[in-house]
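Asker: Join these two chains into a complex; the hints should help.
Note that the protein sequences, when read in sequence, are chains A and B. With the numbering used here applied, the first sequence corresponds to residues 1 to 320, in that order. With the numbering used here applied, the second sequence corresponds to residues 1 to 250, in that order.
For the record, the hints were derived by calculation from the structure and aren't laboratory data. For each residue, glycine too, the CB sits at the ideal point set by N, CA and C. A few of these clues could be false.
[Stated by the list, open to error] Listed below are several chain A residues computed to face chain B (Cβ distance under 7 Å; list not exhaustive): (1) 57; (2) 60; (3) 83.
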Amino acid sequence: MDADNLIRVEHLSRRYGPLHAVEDISFEVRRGEVLGFLGPNGAGKSTTMQILSGNLAPSAGRVLITGRDILDEPEAAKAALGYLPEQPPLYRELTVDEYLGYCARLNRIPREQRRAAVERAKERCGLTEVGRRLIGNLSKGYQQRTGIAQAIIHAPAVVILDEPTVGLDPIQIREIRALIRELGGEHSVILSTHILPEVQAVCDRVQIIHRGRLVFSDSIENLARQQPVSSLRAAFRNPPAAAELARLPGVLEAEDLGAGRVRLRFDPAGDITDALLERALAAGWRPYELTPESKTLEQIFVDITSRDPGAAPETRGEAA
Amino acid sequence: MIGTIAARELRSLFFSPLAWTMLAVVQVIIAYLFLVQVDFFLQIQPRLPQMPGAPGLTEIVVAPTFGNAALILLLVVPMLTMRLVSDELRNQTLSLLFSAPVSMTEIVLGKYCGVLGYLLIQLLLIALLPCALLLGGSLDFGIVASGLLGLFLLLAGFAAVGLFMSTLTAQPVIAAISTFGVLLLLWIIDWSGGAGGKGSSVFGYLSMLRHYESLLKGVFNSTDVVYYLLLIALFVILSIRRLDSYRLQH
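Only chain B is shown next, with the shape it has when bound in the complex (with noise of 0.2 Å):
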């Protein structure tokens, strides 16, 4: 049933020019600063042989372009989610499984599945570029997978807080925006107390850009990988209460 819902979520996604556009553009800008890696990898590649412990060209290349990524994506993954529980409020649609003998769980893990498989697409694109690096040189794929895992996490965590931001509006445009504050928020949240003490390790803890950073580096930590997966199931579980109360109070 999951699947179900999920299959015609994305479906819709790709009857619209939007998904495919979305592709298009991000794919496009994403190539852009790969080149801009290479290029700068070029420059400095003659002197690298003399730096003891000089990074390879995976750290130059592959990892500066997933974080890159990372940060375009922030952007276009609200314009995402926005549609998927608000254009149902708005056109009342969701009377539809709300009286189908599916339950509140299997309808948000649908929606959810749906734009994961989504990404899942866009992912598969980014993975493309590392991989034209193997026509001229040797790609280091432990820190490559660790990359990709983090960015998928990433990614998994951003459609998370879209999708419950969409269920709290039936603007598009609003949940969009709200996404959109949020993940800057916790995108940017160690900024404070950079001094140190207590509130800054906490405020550490809550950001996702230095729990993707560590996985960038090739550095696989259970901590990382546990934070992500906390955020993703706290916001789906808010999303789930958040539906069920549409029947207790309009």
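The shape of chain A in the complex, shown without the other chains (with noise of 0.2 Å):
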């Protein structure tokens, strides 16, 4: 296997009973990637990243994190691994310091290196001022940082973050994100949420899963670059009517959103702009706004995710 595929997970299925958790789900992340995983709630996200960090039998399919299988050789692959539950799991009546120590000794950090592994990952979380103070004395965005904290301690090659910046204020959301996209420098991330902002904001690469399917993976680039504009949205101070914009050479359809503001869907084969501002020009709409609408994520995710159970799932190529 290609030695700087740091996660490979190949025909995944988690049942429970009769209920499909994860289905055939087969992907890899990359050194230096920080992989999205969006899905809507009770969509399998939390199930797979249970099953990554080993915390979950699969019932199929297997995992190997830096090349190692997580239940052939256990110890090895979760070496490599962090991992960041939903709840983070904490002690309360320990300090973070304490905690944290206590997680350096469990990954094995030598004794003489500990201290320096627990100050870096304080500083790197913003826990500096917060050591001596209890765990369960400190706010819900603190808390959720000490369990950021335990998951990076030891540096692994593969940090698994499950929905890191629930609970957090805005500030505290957007250092947290340039932490994730710090650690993608370096170690592979994963990450879920269905924050689908947070999405673009620090992810190289989205999948969504649907109803324990894969049904969706591509890089942030392509899905910016691929998707055709194929609507525009216009504002005019002197409108037409909607059916005379409805004539237009290539325009498909054209939709009065009220206020002088229309909106004209086309063939995406050909742009229309042009044809459309010599036409404004010449009868005087006076046009003072031009807007290409192209499909947003959230458009995607929507589509995905709404569309009925019995379509056949849809997964598009990976950019390489």
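Answerer: Given below as structure tokens:
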């Protein structure tokens, strides 16, 4: 296998009795890549995360972390892995320093490096000032950060974060996102979330899981580039009738949005911008706004997840 | 790694008032029962020289004290072990251990050793009581040592049962009650079939009390020691299996 593929998931399935929580999922994550894992509630995100982190055994398929099977060589695989579950696993009766010290020992960091590892994790997660406070007395945001610090303390090759920004205020969210981006430089990060802008802000690649199946996988770059523009929003100070606009060559449909605004849907094969502007100037419609509308991640997400369950799953080719 | 988990377990116990309260309460009650025995000894002491083969200070004071201590700890140990795994299940902190490079066996043994550490402290405090008798008399150290060994094995057995019960439920109180139930049943199981017969010897072997009594008398029989070791091994292995099964089915 490719040495730079830190995570490799092959045909993973997990059943709870008759319920297929995850069905035949395969993907890979390269070094230095941040993978966003999207899906509506109950789609199987957390189940996948739990399997990847060795907290749950798959019904079928296998998971390789840095080339080691998480079931066959659990200790070697887990040494290369940091995991933040949905509910951060914190001992409320310990202080942040004690807790992180314990995590450092659990992850077999040699005695002489432990202090440095704890300090570094605290610094990266902005915990330096609360080291001596009891975890139980910290605010939700600090508890979340302690959870992240726990996951990265042993500088694992793979970091798995399950909804890391839940319960944080907007400033903390920005800090955590910056941290995730920074982690992406040297580690592989898998991030599960249902906050779409978060994926666009920090991820290199996005995967959408729906009803236990992987239905979409593509890089964020491709997402922006490949989506053909197929509609335009225009605003006129002197608007014509929608029917008149619909007669323009290439326009399939014109929708009146009110207050001089119209949405024009057109054939993505040809751009209608020039024709529209020429016509508008000649007819004195006085256009003042023209916005191409591309499909956003949100639209893709809604399209995929609101599709009826019988529809065949569509998996786009991955960008190499 | 076992030591790391055991140390955290012990620390967490002593960070809460629970461990301190239990040490204090148990010690006060056992000390009182000890005094009652000393008082009894002082009453019958004048008559002892006339009796042939009369029991000594150790038999009259130390052995019953250890016997009573066992009964009190039967009540207390379930409350101590109930949180071991239940709390982690309830607070969903087990994933920290599950995603760390630690084996299931290490996790379970770590937790078990943490409780054993606490119980050793308790045992040390109890052992101080007979030592106080050295101020005014002499002891049969063979019986004291055998009794302490018996008490330790018994407590280790209690803890193993408690550990397993704690892996079964996320509710500490349920773990405590079921531990108490199992321990009490193992304590009194030889009451049935007192008339003899094949069944009664099996029940007699299963009884925790019977094996403890012979150790209290100073009779070191390997059958008794093996009984406790088997009991401990059985419940520790069951705990490991149980914890492992959390990954297989939720």
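Asker: Hint by hint, note whether the structure agrees.
Answerer: Cross-check of the supplied hints:
Against a cut-off of 7 Å between C-beta atoms, the interface hint on residue 57/A holds, since the closest Cβ of chain B lies about 5 Å away. With 7 Å as the threshold, the beta carbon of residue 60/A stays out of range of chain B, its nearest partner Cβ sitting at about 13 Å, so the hint is violated. For residue 83/A, the suggested interface contact is upheld, since its CB lies about 4 Å from the closest CB of chain B, less than 7 Å.
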